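Full structure from sequences and hints, please.
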Amino acid sequence: GAVVSQHPSWVICKSGTSVKIECRSLDFQATTMFWYRQFPKQSLMLMATSNEGSKATYEQGVEKDKFLINHASLTLSTLTVTSAHPEDSSFYICSALMGNTIYFGEGSWLTVV
Amino acid sequence: GQNIDQPTEMTATEGAIVQINCTYQTSGFNGLFWYQQHAGEAPTFLSYNVLDGLEEKGRFSSFLSRSKGYSYLLLKELQMKDSASYLCAVRERDYKLSFGAGTTVTVRA
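For the protein sequence lines, the chains are W and X, in the order given. Mapping to the working numbering: the first sequence position 43 is 43, numbers consecutive. Mapping to the working numbering: the second sequence position 33 is 33, numbers consecutive.
If you are wondering where the hints come from, they were derived from the structure by calculation, not from laboratory data. On a predicted model such as this, the values are computed, not experimentally measured, just so you know. Incorrect hints may have been included.
Claimed, not checked - Distance windows between CB atoms, simulated: (1) W:S18 / X:S27: 25 to 31 Å; (2) W:K14 / X:K57: 44 to 50 Å; (3) W:I12 / X:G28: 37 to 43 Å; (4) W:I12 / X:V50: 38 to 44 Å; (5) W:V113 / X:R66: 46 to 52 Å; (6) W:P8 / X:T13: 26 to 32 Å; (7) X:R66 / W:Q42: 25 to 31 Å; (8) X:G28 / W:V113: 37 to 43 Å; (9) W:Q42 / X:T44: 14 to 20 Å; (10) X:G58 / W:S5: 22 to 28 Å; (11) W:E63 / X:D5: 24 to 30 Å.
In this text, a Cβ means the ideal position worked out from N, Cα and C, and glycines have one as well.
Pasting the structure below:
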């Protein structure tokens with residue numbers, strides 16, 4: 001069964017609004033989670049590293065004020081896309097480290113209209 | 001950062017064997033992963049290598065040579081359901097994963 005759960009699977013929002021995506025580790029504590037974005041037919045690009053109890057670490061070129069990450073507990077990290085625009089439409093995937101293996105959530109398709 | 005290269009596409013016949021190569025360059029190697037990704041879905045874990053050699057798991061095997069910066073994923077007894085994208089990913093010491101562009105494998109009857 002899944003070890004990392006992501007919600008929602010699909011979301012459509014209007015341009016200019018904000019949308020929150022949740023990533024939960026199931027039955028284990030994840031002090032570190034990662035957020036990726038994947039455009040069609042492209043590979044996964046790391047956006048940021050989410051650390052429980054501290055600020056997220058963003059990759060170069062990723063706007064921290066636009067993609068807000070909150071890792072308030074050992075089992076939950078959230079990604080909020082603020083003031084969304086159509087170019088933010090993408091597949092967003094989180095992952096968590098369990099032992100030596102990194103497991104991915106099911107992914108969230110975001111469409112901004 | 002990393003420079004991860006893998007072929008874009010491969011085609012093989014049902015029941016055959018396919019080998020997907022991956023070369024990488026990194027400053028802080030801490031493991032190499034292979035993931036399978038079907039269109040529109042999240043990647044699923046296939047294998048993990050941190051030491052040189054071959055790891056076998058059923059129909060899938062993965063090989064690593066750290067000195068050469070080289071890995072391959074071997075898929076045996078191909079089935080139609082194996083048609084997917086296969087992602088090579090390198091982990092650094094801070095546990096960040098960097099992905100190659102993926103190899104799309106098409107299995108034909």
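Worksheet entry | Distance restraint hint 44 to 50 Å, applied to the beta-carbon atoms of W:K14 and X:K57 | Cβ of W:K14 to Cβ of X:K57: about 45 Å, so the range 44 to 50 Å holds.
Item to complete: Take the C-beta atom of W:I12 and the C-beta atom of X:V50, compute their distance, and say whether it sits inside 38 to 44 Å.
Response: Holds, at about 41 Å.
Worksheet item: Is it true that the C-beta distance of W:P8 to X:T13 lies inside 26 to 32 Å, as the hint says?
Response: Given a distance of about 39 Å, which is not inside 26 to 32 Å, the answer is violated.
Worksheet item: Do the Cβ positions of W:E63 and X:D5 conform to the proposed distance bound of 24 to 30 Å?
Response: 29 Å, holds
Worksheet entry | X:G28 and W:I12 - C-beta distance against the hinted 37 to 43 Å | With a Cβ separation near 40 Å, W:I12 and X:G28 satisfy 37 to 43 Å, so the hint holds.
Worksheet item: Do W:Q42 and X:T44 keep their Cβ atoms within the hinted range of 14 to 20 Å?
Response: 18 Å, holds
Worksheet item: Cβ-Cβ distance between W:S18 and X:S27: within 25 to 31 Å?
Response: 37 Å, violated
Worksheet item: Should the hint that X:G58 and W:S5 are 22 to 28 Å apart at their CB atoms be regarded as holding?
Response: 26 Å, holds
Discussion item. Assuming the hint says 46 to 52 Å, is it satisfied by the Cβ distance from W:V113 to X:R66 or not?
Written reply: 47 Å, holds
Worksheet item: Per the hint of 25 to 31 Å, is the separation of the Cβ atoms of X:R66 and W:Q42 within bounds?
Response: 27 Å, holds
Worksheet item: Range hint 37 to 43 Å: satisfied by the CB atoms of X:G28 and W:V113?
Response: 41 Å, holds
In summary, the structure is inconsistent with hints 1, 6 from the numbered list given earlier, while agreeing with the others.
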